[in-house]
Amino acid sequence: AQSVTQLDSHVSVSEGTPVLLRCNYSSSYSPSLFWYVQHPNKGLQLLLKYTSAATLVKGINGFEAEFKKSETSFHLTKPSAHMSDAAEYFCVVSGRKGTYKYIFGTGTRLKVLA
Amino acid sequence: DVKVTQSSRYLVKRTGEKVFLECVQDMDHENMFWYRQDPGLGLRLIYFSYDVKMKEKGDIPEGYSVSREKKERFSLILESASTNQTSMYLCASSRQYTDTQYFGPGTRLTVL
Numbered sequence: 001a002q003s004v005t006q007l008d009s010h011v012s013v014s015e016g017t018p019v020l021l022r023c024n025y026s027s028s029y030s031p032s033l034f035w036y037v038q039h040p041n042k043g044l045q046l047l048l049k050y051t052s053a054a055t056l057v058k059g060i061n062g063f064e065a066e067f068k069k070s071e072t073s074f075h076l077t078k079p080s081a082h083m084s085d086a087a088e089y090f091c092v093v094s095g096r097k098g099t100y101k102y103i104f105g106t107g108t109r110l111k112v113l114a
Numbered sequence: 115d116v117k118v119t120q121s122s123r124y125l126v127k128r129t130g131e132k133v134f135l136e137c138v139q140d141m142d143h144e145n146m147f148w149y150r151q152d153p154g155l156g157l158r159l160i161y162f163s164y165d166v167k168m169k170e171k172g173d174i175p176e177g178y179s180v181s182r183e184k185k186e187r188f189s190l191i192l193e194s195a196s197t198n199q200t201s202m203y204l205c206a207s208s209r210q211y212t213d214t215q216y217f218g219p220g221t222r223l224t225v226l
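First to last, the sequence lines map onto chains A and B.
Residue numbering for the first sequence follows our numbering, beginning at 1 and increasing consecutively.
Residue numbering for the second sequence follows our numbering, beginning at 115 and increasing consecutively.
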C-alpha cells in the first residue's frame with residue numbers, strides 16, 4: 001500500500017533564505033511522486049513530478065525535489081524564498097499503476113517573513 | 115496549457131436543495147475526478163470517471179452522485195444538500211494511462 005507523510009504542518013522562513021519542505025513516502029511499487037502548491041482559495045498547481053527518469057527533479061518557480069530511494073524521501077527545496085511562495089504545499093504519491101488514484105499528504109503551510 | 119474550469123467559485127445553498135457543481139476540461143482528458151478539501155482532513159476523493167458514462171466511487175461517495183455525459187464535462191450532484199457538505203470542492207483531470215492530474219480553481223460551497 002502507498003502512503004505519504006509530510007513531516008511539518010507549518011514552516012516559516014525569512015525572505016531570501018532557503019526553503020525545505022519534507023516528505024516521506026511508502027510504496028510497494030515504483031512510485032510517481034508529485035509536489036503541488038495551493039495559494040489561498042485557489043486550486044492545486046503542479047510544481048513538479050518524479051517518474052524515475054532522474055532523481056533530481058526541477059519544477060516551476062525555482063523549486064526542485066530530490067528522490068532518495070534509500071531514505072524513501074522526496075523533499076522539496078528552493079534556494080531563496082520569495083513572499084509569493086507563501087502557500088500550502090502537498091506531497092502526493094500515485095496509486096498502483098492503473099488505479100489513477102492519488103494519495104495526498106496532509107500539507108505543509110509555508111509562511112515567508114519579510 | 116491544460117485548463118480545468120469550475121462553474122462557480124463560491125456557492126451558498128440551503129439545506130435540502132439539490133446542488134450541481136460543474137467541471138469542464140479542454141484537453142480531451144479521459145479521466146476526471148471530484149475531491150473535497152476540509153481543514154485537518156486534507157483532500158478526499160469523492161468520485162472519478164475514466165470514460166464517458168463511466169464512474170467509480172472514491173473514498174467518500176455517500177451523499178453525492180456524478181454525471182459524465184460528455185468527455186469534457188463532469189458534474190457532481192448533491193441530491194439533498196446538508197450542512198456537513200459545506201466544503202471546498204476541487205475537480206481534476208488527467209490523460210488516460212498517465213497519473214498527472216490537473217486541478218480546477220475550486221468551488222467553495224456553503225450549505226446553510
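Treat the hints as calculated values from the structure; they're not laboratory data.
Some hints could be false.
Think about it this way: if two alpha-carbon atoms lie no more than 35 Å apart in a straight line, the pair counts; the simulated DSBU-like pairs of lysine-lysine are [unchecked claim]:
#, chain 1, residue 1, chain 2, residue 2
1, A, K49, B, K184
2, B, K169, A, K101
3, A, K101, A, K111
Computed list of chain A residues with no C-beta within reach of chain B, every gap over 10 Å [claimed, not checked]:
#, residue
4, H10
5, V13
6, T17
7, R22
8, S32
9, N41
10, L44
11, L46
12, S52
13, K68
14, E71
15, H75
16, S94
17, K111
18, L113
19, A114
Heads up, the beta-carbon is just placed ideally off N, CA and C, and yes, glycines get one too.
Query raised in the report: Would you say A:S94 is clear of chain B, with no C-beta pair closer than or equal to 10 Å?
Result: 4 Å, violated
**Report entry** Interface exclusion of A:K111 relative to chain B, criterion Cβ beyond 10 Å
**Finding:** Correct as stated: the minimum Cβ-Cβ distance to chain B is 16 Å, above 10 Å.
Query raised in the report: When you look at the beta carbon of A:V13, is every beta carbon of chain B farther off than 10 Å?
Result: 23 Å, holds
Query raised in the report: Checking the smallest CB distance to chain B, is A:N41 really beyond 10 Å?
Result: A:N41 is in fact no farther than 10 Å from some Cβ atom of chain B, at 7 Å.
Query raised in the report: Non-interface claim for A:L46: all C-beta distances to chain B beyond 10 Å?
Result: A:L46 is in fact no farther than 10 Å from some Cβ atom of chain B, at 7 Å.
Query - Given as non-interface: A:E71, partner chain B, CB spacing beyond 10 Å - result: 23 Å, holds
Query raised in the report: Are all beta-carbon distances from A:S32 to chain B longer than 10 Å?
Result: 5 Å, violated
Query raised in the report: Holds or violated: A:K49 with B:K184, Cα cutoff 35 Å?
Result: 29 Å, holds
Report task. Confirm or reject the statement that A:L113 sits farther than 10 Å, beta carbon to beta carbon, from all of chain B. Result -> Nearest chain B Cβ is 23 Å from A:L113, so the label holds.
**Report entry** Consistency of the no-contact label for A:K68, given chain B and a CB cut of 10 Å
**Finding:** 21 Å, holds
**Report entry** Distance rule for A:S52, whose beta carbon must clear each one in chain B by more than 10 Å
**Finding:** Given a closest Cβ separation of 12 Å, the condition holds.
**Report entry** Consistency of the no-contact label for A:H75, given chain B and a CB cut of 10 Å
**Finding:** 19 Å, holds
Checked against the numbered hints given earlier, this structure breaks hints 8, 9, 10, 11, 16; the rest are met.
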